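Residue numbers (my numbering): 33 to 300.
Keep in mind the hints are simulated off the structure, nothing from the lab.
The structure displayed is predicted, hence computed values, not measured ones.
Be careful, since some hints might not be right.
[Claimed, not checked] BS3-like, lysine-lysine: derived pairs with alpha carbons at most 25 Å apart: (1) K101 to K149; (2) K160 to K149; (3) K149 to K129; (4) K185 to K129; (5) K129 to K118; (6) K139 to K149; (7) K43 to K118; (8) K129 to K139; (9) K160 to K139; (10) K118 to K185; (11) K101 to K183; (12) K160 to K185; (13) K183 to K118; (14) K183 to K129; (15) K149 to K118; (16) K129 to K43; (17) K101 to K118.
[What the hints assert, rightly or not] Per label pair, the in silico range of CB-to-CB distance: (18) S73 to H47: 21 to 27 Å; (19) V42 to K101: 40 to 46 Å; (20) V153 to R173: 26 to 32 Å; (21) D168 to L38: 40 to 46 Å; (22) Q188 to Q142: 26 to 32 Å; (23) L71 to A177: 21 to 27 Å; (24) D77 to R173: 25 to 31 Å.
Glycine included, each C-beta is placed from N, C-alpha and C at the ideal position.
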Amino acid sequence: MSTSSLRRQVKNIVHNYSEAEIKVREATSNDPWGPSSSLMSEIADLTYNVVAFSEIMSMVWRRLNDHGKNWRHVYKAMTLMEYLIKTGSERVSQQCKENMYAVQTLKDFQYVDRDGKDQGVNVREKAKQLVALLRDEDRLREERAHALKTKEKLAQTATASSAAVGSGPPPEAEQAWPQSSGEEELQLQLALAMSKEEADQPPPCGPEDDVQLQLALSLSREEHDKVRAASLPARHRRWGSWPQVPAPHSSQRRELRTLPTEPPGLEA
Numbered sequence: 033m034s035t036s037s038l039r040r041q042v043k044n045i046v047h048n049y050s051e052a053e054i055k056v057r058e059a060t061s062n063d064p065w066g067p068s069s070s071l072m073s074e075i076a077d078l079t080y081n082v083v084a085f086s087e088i089m090s091m092v093w094r095r096l097n098d099h100g101k102n103w104r105h106v107y108k109a110m111t112l113m114e115y116l117i118k119t120g121s122e123r124v125s126q127q128c129k130e131n132m133y134a135v136q137t138l139k140d141f142q143y144v145d146r147d148g149k150d151q152g153v154n155v156r157e158k159a160k161q162l163v164a165l166l167r168d169e170d171r172l173r174e175e176r177a178h179a180l181k182t183k184e185k186l187a188q189t190a191t192a193s194s195a196a197v198g199s200g201p202p203p204e205a206e207q208a209w210p211q212s213s214g215e216e217e218l219q220l221q222l223a224l225a226m227s228k229e230e231a232d233q234p235p236p237c238g239p240e241d242d243v244q245l246q247l248a249l250s251l252s253r254e255e256h257d258k259v260r261a262a263s264l265p266a267r268h269r270r271w272g273s274w275p276q277v278p279a280p281h282s283s284q285r286r287e288l289r290t291l292p293t294e295p296p297g298l299e300a
């Protein structure tokens, strides 16, 4: 992190700047490079919020009134202002028109650095461009429509790119993919060995298999008891195992009483 960035962060904390103000300060810093289009796009979106709009424009005007040695603050503030006029809320262009004199004074901006280079020329040219844009209503409307359409296309392209990246394989799958032919052969052998091991193992018994097994054991035990009982001698049979003989009928009982005491055909 550069010294200027660290100093800017400290000021953000000390002055308790809001998120919108911090973004404007970052976009209009003294760093020797211009503000990024993504950052300016975020700021432009924030201008549609009433509170954020007030904070953004207040910081932009403050940057425009900065000293000559901070000419980058002034130049970047006008660059951001032009972007906001074209893609931000319409309140931006309205406020800039109402305060156009503050932009007009920058057409006379002067600053020469230690090497004798006129750094104010960039500020003066940008001020002239802004004033001309604000005064030409038709041109402003046309450039605003073109800029908004371009911004929308860029947003759709970024969304499509993010979706394409997100549809790829997960990081775990990429890490599991073999990085060489040797590693691929090793993974193939390991897969074959695991498949053979699973095939050799007996299938696990499910709940239905357990019920059928218990039923078969019960039937087998009953058959065994019947065969064993039939093979035992009469004296070893239990009382409950004797065959039930039906009692004789009443007529049969009478016949039994009238039977002769001696068998027929035998004489005394």
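Cross-check of the supplied hints:
For the hint pairing K101 with K149, the CA-to-CA distance comes to about 12 Å; that is within 25 Å, so the pair holds. The hinted pair formed by K160 and K149 meets the criterion: a straight-line CA distance of about 20 Å does not exceed 25 Å. At most 25 Å may separate the alpha-carbon atoms for a hinted pair to count; K149 and K129 exceed this at roughly 32 Å. Taking the CA atoms of K185 and K129, the gap is about 28 Å. The hint is violated against a cut of 25 Å.
Note on K129 and K118: the hinted pairing holds, with a Cα-Cα distance of about 13 Å set against a maximum of 25 Å. At most 25 Å may separate the alpha-carbon atoms for a hinted pair to count; K139 and K149 meet this at roughly 18 Å. Distance check on the hinted pair: K43 and K118 sit about 30 Å apart at the alpha-carbon level, beyond 25 Å; violated. This hinted pair checks out: K129 and K139 have alpha carbons roughly 16 Å apart, not beyond 25 Å.
Restraint check for K160 and K139: satisfied, since their Cα atoms lie roughly 6 Å apart, inside the 25 Å limit. Distance hint between K118 and K185 is fulfilled; the C-alpha atoms sit about 15 Å from each other, no more than 25 Å. Between K101 and K183 the CA atoms are separated by roughly 33 Å; this puts the pair beyond 25 Å, and the hint is violated. With a C-alpha separation of about 29 Å, the suggested pair K160 and K185 falls outside the 25 Å cut-off, and the hint is violated.
In summary, the hint linking K183 to K118 is supported, as the alpha carbons are separated by about 10 Å, within the 25 Å threshold. As the CA atoms of K183 and K129 are separated by approximately 23 Å, the hinted pair is consistent with the 25 Å bound. A hinted pair counts as satisfied when its Cα atoms are at most 25 Å apart, and K149 with K118 does not qualify at roughly 31 Å. Proximity of K129 to K43 is assessed by CA-CA distance (about 31 Å); at most 25 Å being required, the pair is judged violated.
A threshold of 25 Å between alpha carbons decides the hint, and for K101 with K118 the separation of about 28 Å lies outside it, so the pair is violated. A C-beta distance of roughly 25 Å is found between S73 and H47, which places it inside the suggested range of 21 to 27 Å. Under the hint 40 to 46 Å, the C-beta atoms of V42 and K101, about 20 Å apart, miss the expected range. At about 30 Å, the CB distance of V153 to R173 agrees with the hint of 26 to 32 Å.
One distance hint, 40 to 46 Å for the beta-carbon pair D168 and L38, holds here, with the actual separation near 42 Å. Distance hint for Q188 and Q142: a CB-CB separation of about 44 Å, inconsistent with the stated range 26 to 32 Å. Taken as a hint, the range 21 to 27 Å holds for the pair L71 and A177, whose Cβ atoms sit roughly 23 Å apart. The hinted range of 25 to 31 Å is not satisfied by D77 and R173, whose Cβ atoms lie roughly 20 Å apart.
Going down the numbered hints, you'll see the structure goes against 3, 4, 7, 11, 12, 15, 16, 17, 19, 22 and 24, while the others check out.
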